[in-house]
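K.L.:
Sequence:
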Amino acid sequence: MLFPIIRKKGVINLKKSNNLILIGLVIVLAVVPLITMKGAEFGGADGQAEGVIEEINPDYEPWFEPFMEPASGEIESLLFALQAAIGAGIIGYGIGTLKGKRDAQKGNKK
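Count the sequence shown with our numbering and you get residues 280 to 389, in order.
Misleading hints may appear alongside valid ones.
[As the list claims (entries may be wrong)] List of simulated lysine-lysine pairs, BS3-like, C-alpha gap at most 30 Å:
1) 295 with 378
2) 295 with 380
3) 317 with 380
None of these hints come from the bench; they were simulated from the model.
The task is simple: from the sequences and hints, build the whole structure.
P.N.:
Written out as structure tokens, the structure is:
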């Protein structure tokens, strides 16, 4: 239980205050690195791994090539975001279905 902030007709609404606190923390986590690390390059792990592999073994050759190379970085980011959104939708649907089944079973038992 986080800090109770919002009161509704004399009763503390913990759920709403917790959500507001969590939203605030997410915003802080997103903004602080941008402010404190001005001019820094925020790159992906793939590029860093490639550099380390080339340092360790300059003769290394990848054992496969991607079957599709996006035309630009923006398209690559779009595809990555789309993949994340589809995955989140599937997980959310699964959790919602399980919760709906559980609630329906509880309703039948009452």
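K.L.:
All the hints need checking, so say for each whether the structure fits it.
P.N.:
Hint-by-hint comparison with the structure:
1. Restraint check for residue 295 and residue 378: satisfied, since their Cα atoms lie roughly 21 Å apart, inside the 30 Å limit.
2. The suggested pairing of residue 295 with residue 380 holds, with an alpha-carbon distance near 26 Å, which does not exceed 30 Å.
3. A C-alpha spacing of about 49 Å is found between residue 317 and residue 380, which places the hinted pair above 30 Å, so the restraint is violated.
In this structure, the one hint that does not hold is number 3.
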